[in-house]
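Asks: Chains as they are written, first to last, in this note's numbering: chain A, 22 to 217; chain B, 22 to 217; chain C, 22 to 217; chain D, 22 to 217.
Since the hints were made in silico from the structure, they are not lab data. Accuracy of the hints is not assured; some may be wrong.
Each pair may be met inside one copy or between any two copies, as identical chains are not told apart.
Stated by the list, open to error - 20 Å max Cα-Cα, derived SDA-like pairs, lysine to any residue:
#1 K127 <-> A56
#2 K127 <-> C143
#3 K127 <-> L189
#4 K127 <-> A159
#5 K127 <-> G169
#6 K127 <-> F174
#7 K127 <-> E52
#8 K127 <-> L139
#9 K127 <-> S191
#10 K127 <-> W63
#11 K127 <-> E29
#12 K127 <-> P64
#13 K127 <-> F99
#14 K127 <-> V180
There are 4 protein chains.
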Amino acid sequence: MESTARLETFSDGVFAIAATLLILEITLSGEGSVAHQLLAEWPSYAAYAISFLTLGIVWVNHHTVFTLIGRVDRTFLFINVVFLMIIAFSPFPTRVLAEHLREGSKAAAFAYGLTYTLMAVCYGALWFYAATNRRLLAADADLRMVSGISRSFAPGSLVYALATLSSLISADLAVVLYAGIALFYVFESSLFGRDG
Amino acid sequence: MESTARLETFSDGVFAIAATLLILEITLSGEGSVAHQLLAEWPSYAAYAISFLTLGIVWVNHHTVFTLIGRVDRTFLFINVVFLMIIAFSPFPTRVLAEHLREGSKAAAFAYGLTYTLMAVCYGALWFYAATNRRLLAADADLRMVSGISRSFAPGSLVYALATLSSLISADLAVVLYAGIALFYVFESSLFGRDG
Amino acid sequence: MESTARLETFSDGVFAIAATLLILEITLSGEGSVAHQLLAEWPSYAAYAISFLTLGIVWVNHHTVFTLIGRVDRTFLFINVVFLMIIAFSPFPTRVLAEHLREGSKAAAFAYGLTYTLMAVCYGALWFYAATNRRLLAADADLRMVSGISRSFAPGSLVYALATLSSLISADLAVVLYAGIALFYVFESSLFGRDG
Amino acid sequence: MESTARLETFSDGVFAIAATLLILEITLSGEGSVAHQLLAEWPSYAAYAISFLTLGIVWVNHHTVFTLIGRVDRTFLFINVVFLMIIAFSPFPTRVLAEHLREGSKAAAFAYGLTYTLMAVCYGALWFYAATNRRLLAADADLRMVSGISRSFAPGSLVYALATLSSLISADLAVVLYAGIALFYVFESSLFGRDG
């Protein structure tokens, strides 16, 4: 078993790159004035902001969670690799959503939500594996905080799954829900206890 | 509350990637000799250099500022995520400016300046949140340096906002001002006190 | 001779970027409904998943191996640069494979396998250089673990080379073998001893 | 003045990203069989390998040099930002060279060499600024090694400048020289003293 320093460097790298790659996908249409083209890209800006904030929230929580974890084993490393695989995949559905949001594509909204639901489920698996293996927790980990985080994971995945299903009714509804979930977590800073 | 080590790794990653992605946007037109095509890309080189230097300056200051900050809380982390969202967004207006600088597009110059003004405002918010929350400052932070940095933030945002507004008169004027601001900060190395 | 901290940061950066760039290559065809286009990209998803998992496994092992290495010299650094050159190259054959998997291109499957075989050989060279230069090993390195890792490297390269050669018979067979090798290593978590 | 830890993280990030982005530029022509297309890209592979090895060598030396530097000031940080600006620019001339190597474009070979010459000059400036400011050197820096590195910088820049000028005679000659310089440094591992 090993300390978490290098795991965090690698994870931070994938988060930072996935978040930064999101912008590469935005391109102007080339039709009409530059001002018009810039304004016409609003679905891209919306998709970029929702995705960046969501990845940012996940990263902030990853940050909080890792202060409670003292050691990792190979199983934990592999779950983390699968989790990062989904993080690194997320620029793709974001681009598809940005390109097809104006036409109200339910498939694009569903693919986007499915990716983030899988991310939430996989992140939950990562956490529960650590939380139920006491030897992975830091010696000074606050066990009440550990239970609090465990309680908060199940509703997170469920809420994402429901928002994803809502895309089958309306793509716009689903996107509003995705944005709402992101904003909820940004403002609900007491999620993992005061000033986690 | 937690130490700043991992926050700095993640931030450095976003800075490094955003700065490096800038080059991906430059492509030759394919018309005329290679030498001619290489020379014709001067607006791209100018936009690349201004953006890279500006990001470099912001990174150097971020570096100086973080030596004064000892701990972060969740609110600080979220302001930083929004700040990084703007940093990661900056390759997009840079590319738009490079593509439309020769035709003197005011919209492209305005979008570029607006992005950097928002970056300055958001960076100021990050700093003032830390500077007015003593418990976030490092125990050995020099309070005179803290006040000095606080005084330097307001004019920075204002100067960027004015340069942005100048784009409504002339795109070329605005670009000269953006370059001038970047060069001013490069040479004004005593900004935050001698050898900050 | 120097410690391994900075080498690991640089290596983690290349791993994280190469793994994350894999997704940039996936684009929709633009023909048919969005749902149809998303489903039609399954060879891209398969190639992405196999490559990400393989890079993830190599990274996890790199992580384990470096806990046994205490110092590096310039020769080690250069072998590592060549190794990282192959890691950073891997998104290219992955993209070629994704684009030509449906048509069963043996050349694409061969190029993919050749890249990963060279990666395995180069990684083996890196390891054997360290394992046979005792002064590079950490003072507290478990010599039984060192021998165990040495024994596991030879079959790894051989298995990849055989899977690569199988592409000359059938591209599909080779891809199944590449996926099988990745999954074998994911589940065979006791490869380098229990919970390495 | 501050320690070099964060500077190294940021620098490593730029090196890692610039090196990894090199591969994004390679694309198949789409004409002929996949095997034929893969083989026809040899100028891209050559340009990729020369650039990656060169960046790798610069990184290894950066690594060695920083073990001798104990502290940095703002001037040093800004020289480093300009140096990294050239590192991050290098994927562009690499791509141009790869695209125009077969037609023997002197302009492409010159632009490539000019970039690497500027990189060498800027890296020299970074080193001499530190070497002539004793307070930046680590307390335990070996002054004989410092003088040795100083002596090796001047010929490095000169050799690159001459190779660049040779491109005006023949692009192929220049590329052979660029490759030769990279290989010379790879094998001349005693450059900065034995096992620096």
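Asks: Which of the listed hints are broken here?
Replies: 2, 4, 5, 6, 11 and 13
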